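Residue-level listing of the chains:
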Amino acid sequence: MKVPLLHVVATDAVVEAPAFETTAADLIAAGRDRIALHLRLRRIAGRDYHELAKRLGKAAADAGAWCVINGRVDVALTSGAQAVQLGSGALPVEAVRRLAGMRLPIGASVHSAGEARQRVAEGADFLVVGSVFSTATHPDRVPGGLALVTACAVAGVPVVGIGGIDPGNGRQVIDAGAAGIAVIRAVWQATNPVDALLRLIDVVAAPAHEQEDERRMLRVEVNGKDREVGDGRTVAGLLEDLELDGRLVVVELNRQIIRRTEIEHVALRDGDRVEIVHFVGGG
Amino acid sequence: MNTVTTKGLAADPDPLTIGGRAFESRLIVGTGKYRDSEQTVAALRASGAQMVTVAVRRVDLDASKEESLLHHLDPQEFFLLPNTAGCYTEEDAVRYARLGREAGLSDWVKLEVIGDQETLLPDTEALLAATRTLVAEGFTVLPYTNDDLITALKLQDAGAAAVMPLASPIGSGLGLLNPVNIRILKSRLDVPVIVDAGVGTASDACATMELGVDGILMNTALAAADHPVLMAQAMRQAVEAGRAAWLAGRMPKREWGVPSSPSTGMLD
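Taken in sequence, the protein lines are chains A and B. Going letter by letter, the first sequence gives residues 350 to 632 in the numbering used here. Going letter by letter, the second sequence gives residues 2 to 269 in the numbering used here.
The hints are simulated quantities; they were obtained by calculation from the structure and are not laboratory data. Keep in mind that this is a model prediction, so the values were computed, not measured. Idealized CB from N, CA, C, for every residue including glycine. Incorrect hints may appear among the rest.
Quick look at which bits of chain A chain B covers, simulated, 3 or more residues with Cβ under 8 Å [stated by the list, open to error]: (1) 386 to 393; (2) 443 to 451; (3) 571 to 581; (4) 584 to 595; (5) 602 to 609.
DEER-style ranges, computed between Cβ atoms [unchecked claim]: (6) A/Arg-534 to B/Leu-106: 41 to 49 Å; (7) B/His-72 to A/Gln-467: 25 to 33 Å; (8) B/Asp-15 to A/Ala-616: 47 to 55 Å; (9) B/Leu-106 to A/Leu-547: 40 to 48 Å; (10) B/Pro-14 to A/Ala-616: 55 to 63 Å.
Required output: the full structure, derived from the provided sequences and hints.
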């Protein structure tokens, strides 16, 4: 599963500010497949929430972005949003999975490695891990630091760090093992949110393509066909390249099954033979 | 899950129990060869089946974003039983079984080791070896076999959770070719006996269940019918009718006639 790099969380205060929706649309258009816009709203009426999520979900779909509904599974399912995020006090992951099936990626907020393992065992597709640094949003919470990010990153699903993240420390969070970062203040309180967004993306994004071309290319066989991948590409990376959902396929590398929890950690080598299978109709 | 039996037929208080799981429906259905996923799901639902088989195959990397079967078949609605279809050796069958288990839904497998490409009859020697290997690895093994009693007993001894003798070759639609053998198998085995393969139409299913077997598995009978959803409904009723007739205890056959109306009270 691939999660966007930059998660921007809109709380009630943010949504109630004037011109919110225009800014949100601009952020989505600028961020494209690198942005996930979270709606974490409690004060809004159900129908208004549904309509707002529908509009932003459509804009996100058009741009390859995510609109993520926090907590309100019903809004996520009815509005066409791209994902749902469950806070600590929200519905259990399994209950939401029974409702949503495989249609909606389910994220879970965690504050410890133990919680991370627990949510992943329950079926969460990605985690939002916090607080990484101290943040005014949760002044009483003791920050877990980069160690928390690293500890949660081995749980087997992508993690997104949250809590006091800004352009100054964002890259460290990615280097500690996060697949993305989440911010509130850093974007919404900036004079120009779109510029702030783009600056954040620059700071945390993966190395530029020019650098990748200089990397050694490996030749591997995938489902019987030769394929080139960059040196160091993991099985998870290969699935991403092939636009395959890791939850729906099984991978065999040189006749050994690679468990789902391992695909992020297994790097491909020259001459590897990969088989990627899934269930199809059969008697 | 589909749970309700058809109204009006004798309710069977004794569900089909295999490997510690109980199923109300004694009809198991395959998911192959339908026109599309919509028809597959419609037929499955019409059949009342709770367990359905799936195959394990390479993802087609050229097909642009084909939707996964799991998008249409909800594992919450149907218990998915991976098969080892297309495997001709013990090694292959074991490999595919392990891949099926890795999907994370269960450790059950419908074990097929085919011995002949034309008839698709099982290679029982390889089947036995594969059963032993997979049972030792903790799988719940449901082997597709022939109607030979000795093989069936060996499979049971090897730890198979059920034994699945064929009615006739896979996809042949010839129906129940050797009812005597199936009846013998059922009388001698302790594990459930599920007749698998060769069923063609509703009467085949009904006749098979009337032998007292525990369940029946079919795919082509539905998918290759002119109207799969309608045939699925027919099969559901046929399986329930056959089971009820078995439980009802049929009358004996005689080679002479016995009147149904009284012989006394006739007019002079």
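The hints, checked one at a time:
1. 386 to 393: violated (count 0)
2. 443 to 451: Coverage by chain B holds for the region 443 to 451 of chain A (3 residues, Cβ < 8 Å).
3. 571 to 581: holds (count 4)
4. 584 to 595: holds (count 4)
5. 602 to 609: holds (count 4)
6. A/Arg-534 to B/Leu-106: 41 to 49 Å: Taking Cβ atoms as reference, A/Arg-534 and B/Leu-106 lie about 43 Å apart, which means the hint holds.
7. B/His-72 to A/Gln-467: 25 to 33 Å: 27 Å, holds
8. B/Asp-15 to A/Ala-616: 47 to 55 Å: 53 Å, holds
9. B/Leu-106 to A/Leu-547: 40 to 48 Å: Roughly 43 Å apart at Cβ, these two residues keep to the hinted range, so it holds.
10. B/Pro-14 to A/Ala-616: 55 to 63 Å: Because 56 Å falls inside the window, the suggested range holds.
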